[in-house]
Amino acid sequence: MNAAAPAIEVAGIGKSFGGLVALDEVSFRVAPGEIVGLIGPNGAGKSTLFEVISGSMPPSGGRVMFYGADVTRRPAHLRRRDGLCRTFQKVRLFDTLTVQQNIAVAAMQSVPEGTAWQTAAEHALVRMRLTALARRKPSELTLADRKKVEIARAMAGFCRVLMLDESLSGLTHEEADELVGEIRELNRREGLTIVIVEHVMSVIVALAQRLIVLQHGRLIADGTPAEVVRNPVVVEAYLGTRRRVTA
Amino acid sequence: MSDSAPEISVAPRRSPGFLRRELLALALIVLTATMPLWPIANSYTLAVVVRALLFIALGQAWNVTAGIGGQLSLGHGIFFGLGAYATAILFNRWAIPPWLGFLAGIALATFVAFVMGAATFRLRGIYFALATIAVSLGFLEVTEYYSDFTGGDSGMAVRFLGESWWALQSRSPVPFLWLMLVVVVGFYVLSRWLLQSRLGLEMQAVRDDQDAAAAAGIDVVGTKLKGFLLSAAMTAFVGAVYVQFYLAIDPSTAFGLTEAIQIQLPALIGGLGTAGGPIAGGAIMIFVSELTNWAGTRIGQEGIDVLAYGVLLLVMVTRAPEGMIGRLFGLAGRGRDA
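Keeping their order, the protein sequence lines are chains G and R. With my numbering, the residue at position 136 of the first sequence is 136, and numbering never jumps. With my numbering, the residue at position 204 of the second sequence is 204, and numbering never jumps.
Certain hints may be false.
Label-pair restraints from in silico Cβ distances [said to hold, decoys possible]:
#1 R/G125 <-> G/S202: 40 to 50 Å
#2 R/I133 <-> G/G18: 30 to 40 Å
#3 G/G170 <-> R/R122: 25 to 35 Å
#4 R/L257 <-> G/E190: 46 to 56 Å
#5 R/I133 <-> G/R73: 25 to 35 Å
#6 R/F111 <-> G/S27: 23 to 33 Å
#7 G/G19 <-> R/R122: 23 to 33 Å
#8 G/P32 <-> R/V182: 53 to 63 Å
Listed next, the in silico SDA-like pairs over lysine to any residue satisfying Cα-Cα at most 25 Å (straight line) [stated by the list, open to error]:
#9 G/K137 <-> R/R198
#10 G/K90 <-> R/R21
#11 G/K90 <-> G/G43
#12 G/K137 <-> R/S164
#13 G/K90 <-> R/E22
#14 G/K137 <-> R/E22
#15 G/K137 <-> R/Y188
#16 G/K137 <-> G/A176
#17 G/K137 <-> R/L199
#18 G/K137 <-> R/V317
Simulated from the structure, these hints should not be mistaken for laboratory data. Given the structure is predicted, the values throughout are model-derived calculations rather than measurements. Just so it is clear, CB atoms sit at the ideal spot from N, CA and C, and this is done for glycine as well.
With the hints as extra help, turn the sequences into a complete structure.
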C-alpha cells in the first residue's frame, strides 16, 4: 500500500447485469482524509458502485485501486482487513450477538494479535457512544443506535476508508444531526477518509468536501458541493431546481 | 467524551437462573453416572440411557455446524457412518484397536467434509444442504456395493472378544454409559467455549448475515469450513463409539436419511444453536422413542416412533421454535449460554 497514493481510485469501472448497464466507465479518485459524497437519483448505480468498491460484487470491467494497490480481484473480507470499511443501505447487524460482540468480531479480523482487538473494540464502542448499550442485542435498539453500531463495527480495528451507505435515512432531524457530528469527528479525529451515499441533500452538501454525481450508471459531475449544485447538467438530471438544493 | 472505556467481553449474556442451571447440570451428571447403582437399573434401562447419550452427542455435533454455524447439513449420517465403518473394518480386518480406529474415522470424515465444504460453501442457497443428501445417498450405495469389504446390505458385525479395554468391548453397558457421559459433558463444554470463542463468534456472524460478515473482515468460506470439519470429526467419533457399543453397523443405519434426521432432532427439539439444547432434545427424543416402541408393541404396530418424531418436531416448530431450552429458560434467541 502506498500512503501517498489516492485512498480510492476507480478506473473505468463497468458493471452489467445481462443487458442492463448499471455502471458505465466510471472513474474518479478519493484523496486520503477527504469526505466525498456520492449522489444521484434512484437507479443511478450508487449502491452497485459501493458493492464493487467494497468487493461484494465483481465489476464487468475496469479497476479498483486502494492506496495504489490493485484490489479489483481481492475478496471483500481481505479489503476490510486492508482498511476499506463499509456499512449497508439497510442496517445489517449480527442479530444474535450483542452490540459488543458485533463490534469485537470485526475488530478481531484486522487486529488479530493478542488482545489488541479488545482495545480496538473498546475504542469503537466509546467513539460511537455505545457503551451503555454494549450488552444489548440489536433487536433491543432504536434505528439510530443500530446505525451507530453498524458504523462502530465498520470502523473497529484497522480502518482507513469508511464507506457509508445511506446512514442517515430514516432518522429524525436530531438523530441525523448527531450522526453527522459523529461522522465529522471520525474524519477529523480518526483521520478516516469518508465516502458517503446520501439522499438528504442539505446534509450531504454541508458534510462533503466533494460530490460525485452518477446518473444512469455514468459519472456526470465531480467537484465541490458549490460547483456541483450550480452545474446545469446536475440540476437538470437530478436536483430539479436550485431551490431544492439550498433548502 | 462522556463514555468511559468499558470492559469488553465476548462471553454470551448470562440470563437469570444461570447458577441454578449449572447446579441442575451437575445434578444430572451425578445422577447419570451413579445410575448403575439404582435399584431399577438393569441392562435394558442402562442401554437405553447409553442410546440417549449417543444421540445427544450426535445432536451436539450437528448443532455445531447447523445451529451455531447455520449450515444446514441434512446428510450428517455420512460422518457417523464413516466413523463407524472405519473403526469396524480396521478392527475386523487388521485387528487395529478402536482407539486408533477412532482417529482413522475422524481423519476420513474430516477429509470428506473438507472436499464437500470446499466444493459447496462458495455457493449460496440450498446447494450445501442438497450436496450433503446426495453424498450421503452415494455412500449408502457404495457401502452396499462393496459387500466384501463392508458386509453389504446386511451390514457387518464387529468381532467380539469379550471384556476388553484394548478392544473397547464389554458385555455390560456401564463402561459405555460412563464413556458417553464424559463425551456429552465434553461436547457441552466445547459448545459453551465455542459460543464465546473467536471461531464461534465468526460462525454466528456468518450464520446471521454472510455479506455483513465478509464486510466485517470474516473469511466466510473458511469459517463455514472450520465449523463443518469440527462437527464432522465429533460425529465420526460418536459413530465409532456407537459401533463398539452395538457391535454392528449397516448401510441404512449409517448413511440412511432416517439416521440423518435423528441426528438433527435433539438440537431442533431442544434449542438450535444453544449448548444445552441438544441434551434436553436428545433425552426427550429417546424417551418418546421408548414410549412409542412400548405402545407399538402393545398394539402390534411397529415404526410409530418415526411418526411421533414428526409430530414432536411439528409441535416444536410451531409452538416453541426457540426449542425446549429456550422455552424453559426464556431465551429468545440462539447463541446463549444455556
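Hints versus structure:
1. R/G125 <-> G/S202: 40 to 50 Å: Given a distance of about 42 Å, which is inside 40 to 50 Å, the answer is holds.
2. R/I133 <-> G/G18: 30 to 40 Å: Holds: the Cβ-Cβ distance is about 32 Å, inside 30 to 40 Å.
3. G/G170 <-> R/R122: 25 to 35 Å: holds (33 Å)
4. R/L257 <-> G/E190: 46 to 56 Å: Holds: the Cβ-Cβ distance is about 54 Å, inside 46 to 56 Å.
5. R/I133 <-> G/R73: 25 to 35 Å: holds (33 Å)
6. R/F111 <-> G/S27: 23 to 33 Å: violated (47 Å)
7. G/G19 <-> R/R122: 23 to 33 Å: holds (26 Å)
8. G/P32 <-> R/V182: 53 to 63 Å: Between G/P32 and R/V182, where Cβ atoms are some 57 Å apart, the hint holds.
9. G/K137 <-> R/R198: holds (18 Å)
10. G/K90 <-> R/R21: Given pair G/K90, R/R21 is violated - Cα atoms ~38 Å apart, limit 25 Å.
11. G/K90 <-> G/G43: holds (16 Å)
12. G/K137 <-> R/S164: Outside the cut-off at roughly 52 Å; violated.
13. G/K90 <-> R/E22: violated (40 Å)
14. G/K137 <-> R/E22: holds (24 Å)
15. G/K137 <-> R/Y188: holds (24 Å)
16. G/K137 <-> G/A176: holds (22 Å)
17. G/K137 <-> R/L199: Within the cut-off at roughly 20 Å; holds.
18. G/K137 <-> R/V317: holds (23 Å)
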